[in-house]
Amino acid sequence: MQSLKINNLVLQQDNKTLLSINETVDGGEVLTIMGPSGSGKSTFLNWLVGMLPEGFQASGALYLNDQDISDMASHLRHIGLLYQDPLLFPHLSVEGNIAFAMPKGDKKERRQTITEALKQVGLEGMGQRSPNSLSGGQQARVALLRVLLSQPKAILLDEPFSKLDSQLRQEIRELVFEQIKLYNIPAIMVTHDESDAVAAKGKVITLASVPA
Amino acid sequence: MIVANTLFTRLVRNSPYLLIALLVVPVAGGLLGVLLPAFSWLPALNETNFNLSGFSQLFSTPGIDKMVWLSFSTSLISTLLAFLITILILASYFNSPWLHRIQRLLGPILVIPHAAAAIAIGFLITPSGFLTRLFSPWLSGWDTPPDWLFPHDPMGISIIIGLTVKELPFLLLIALGVLAQPEIGKKLRAQHKVALSLGYCPMTAFFKVVLPNLYGYMRLPLLAVLAYSSASVEMPLILGPNTPPTLAVAIMQWFHDVDLSLRIKASAGAILQIGITVILLLTWKSLEVAIKKGSAAILVNGEREFGGMIIQRFTHLLTSIILSIIGLALVAMVLWSFAGFWSFPDLFPQQLVGQHWQTAIMQMQTPLWNTLLIAITSTFIAIALTLFALEAEQQNTKTISSISGFIIYLPLLIPSIAFLFGLVWVFEQVGSQHAYINVILAHLLFVLPYVFLSLANSYRLLDPRFGSVAASLGASPSKIFWQLKLPLLLGPILIAAALGLAISFSQYLPTLLAGAGRINTITTEAVTLANGASRRTSAVYALVQMLLPALFFLLAWAIPKCLYRARA
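Note that the protein sequences, when read in sequence, are chains W and D. Using the numbering used here, you'd call the opening residue of the first sequence number 1 and step up by one each time. Using the numbering used here, you'd call the opening residue of the second sequence number 1 and step up by one each time.
Hints in this document: simulated from the structure, not taken from any laboratory. The beta carbon of each residue, even a glycine, is placed where N, CA and C say it ideally should be. Some hints here could point you the wrong way.
To be verified - Taking beta-carbon pairs under 10 Å as the criterion, some of the chain D residues facing chain W (in silico):
no., residue
1, 50
2, 401
3, 405
Unchecked claim - Here are the computed lysine-lysine pairs in the BS3-like style, where the Cα-Cα straight-line distance is at most 30 Å:
no., chain 1, residue 1, chain 2, residue 2
4, W, 153, W, 203
5, D, 186, W, 153
6, D, 293, W, 119
7, W, 153, D, 293
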């Protein structure tokens with residue numbers, strides 16, 4: 001069973017405690033973190049990916065599938081990131097963006113996987129297009145495929161739907177949660193929007209604002 | 001935007017035309033003034049028939065192939081090296097506080113004139129230089145200076161070292177400037193982070209994600225560096241071989257020869273120089289295309305680690321070596337400027353004296369006055385024209401056209417040696433015999449693009465609502481410009497002024513040619529002394545060359561701080 005375990009995490013800035021979390025997220029589940037600006041949501045995500053900025057201190061441990069990855073370099077953690085901006089690489093085609101994320105392997109097989117994946121999310125035949133020529137919703141789908149096909153062991157969602165209009169937001173949100181379940185990956189989502197938290201159907205942690 | 005028709009607004013409206021004319025007329029006239037003699041049309045020598053004798057003379061010059069090769073290879077290799085080292089430093093220290101530490105250490109090199117940098121490198125690598133003294137006799141066993149050809153080596157290695165060390169900070173600062181832009185820098189950093197989350201090691205993530213996007217912003221400055229180095233005179237004159245020298249140096253010598261018939265060959269050489277620069281730019285473009293094509297499959301092959309640790313260690317070593325070269329060259333220059341008796345292989349002089357400074361300061365009063373007068377005048381004109389042209393943009397609510405934008409950088413892309421001699425001919429034709437005015441106009445050609453480059457961004461980013469608010473309160477366009485925009489832009493204006501002054505201080509060829517050798521500045525004196533007998537006096541001149549721009553940059557940094565502190 002895949003799982004992401006946050007063991008007694010205490011995040012501090014200048015000896016002031018920002019947040020304390022002790023949670024386990026199982027494969028296919030989404031843990032939602034909500035809270036006002038400055039409550040430490042982004043810092044928490046940065047800690048999860050091993051990029052805690054200077055000035056912050058953390059105690060506690062992070063286990064991914066029972067392996068302690070607290071001191072592991074960011075790029076070795078296999079934790080995928082999905083931001084509010086798709087951040088597709090403009091110098092690569094849609095297919096290139098996904099191939100970039102996939103593990104090494106047979107060229108033909110990789111290509112076939114990409115074609116099937118694009119078809120699955122309604123982007124059939126768009127592999128050779130430049131990311132800049134896609135609509136916002138199409139870009140969001142490519143970004144999702146890029147994360148999923150990199151075979152992450154966990155996914156972090158940083159306000160992933162906040163820049164989409166309401167109709168597209170619902171559509172992409174369903175797709176993301178559906179894929180997380182399908183791939184059985186533990187996920188943590190940071191959001192301001194309660195409807196995101198409801199749609200995720202998982203546990204919600206609301207962080208309090210930190211007194212100045 | 002409806003603007004009142006006042007003297008100020010008319011002045012502003014016409015300033016872009018004046019700016020373009022000030023750049024196009026001299027460059028085009030200068031090119032024509034070289035093109036006609038190149039095809040043997042030189043009435044002053046009774047040559048009024050167009051033919052190719054200048055080119056046949058040029059191609060029958062002994063060693064011409066070596067001159068061409070030296071110009072081509074030194075500029076291509078040095079630009080390539082400076083670019084590679086820039087990329088390695090960026091890749092190794094991306095997102096690390098060390099990147100800005102390195103920037104702070106290398107930044108001051110940017111304001112050091114090429115001549116002073118060449119003199120400093122020369123002091124380091126000459127047989128009795130600081131480098132051999134550092135390792136002698138304990139490691140090398142040398143009790144007397146070794147018998148090597150550095151500087152002035154026939155392969156141009158010394159020129160390559162000099163140009164690389166000088167170009168590196170420029171390219172690094174250009175790249176860091178791009179990364180500092182909120183939109184671009186934030187996006188590239190976020191994409192790097194995405195690549196890390198996809199399992200790429202930081203170094204590979206930089207090469208596969210950041211570099212392909214960053215490169216587009218560095219292309220024009222890179223081409224400018226390549227064009228400049230292919231035809232630069234100061235570095236090859238001080239560090240390069242003499243038999244034969246680079247083509248640019250040879251052209252300069254032919255133009256200055258007492259035998260006036262050599263002017264036809266020199267003009268043909270100037271045309272050849274343009275050809276070399278164009279071939280270099282095309283070579284660079286071909287390399288770009290080949291690398292893009294060759295790396296397309298590598299970018300998406302899923303390989304996440306390309307020996308990052310080894311490259312990182314190599315870069316640490318390389319950066320330390322470059323910083324040491326710069327540090328040692330500066331120390332050597334300071335020591336030489338105070339050195340009394342200093343025998344080889346002693347690391348330090350037996351005695352330190354202030355006599356060279358005293359003598360040099362006595363001698364340099366006229367050159368120093370000339371330097372300041374020319375630099376301040378040309379910079380003042382450049383700043384005024386740039387500010388008016390940028391104000392015209394805002395009044396017309398459209399940015400300067402791409403053609404005009406390109407013209408502004410024209411003097412940086414066309415080899416100066418190819419049009420400066422023609423410019424002298426233009427000055428002669430229009431009867432402009434006032435050497436100071438000619439030199440100021442020639443300096444303006446190089447000061448103006450840098451001042452524009454430095455100020456344009458800040459002016460365009462100024463919130464237009466300040467102007468709207470002031471206008472709604474009844475302020476005239478001239479009042480908004482003088483009393484609102486200029487005070488708000490004081491910092492960037494002072495930095496642009498310091499940059500303009502530094503560019504003017506460093507000009508050798510424009511001063512020499514437009515002034516017909518009658519106007520001496522610190523730079524022309526330093527270059528002359530560099531090949532002369534007194535290493536000590538040369539060190540003093542080179543240090544003054546470095547201190548002058550540093551002083552004005554310090555002032556540009558300190559004045560706004562003092563003013564704002566006083567207000568607080």
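Enumerated hints in conflict with the structure, sorted upward: 1, 2, 3, 7
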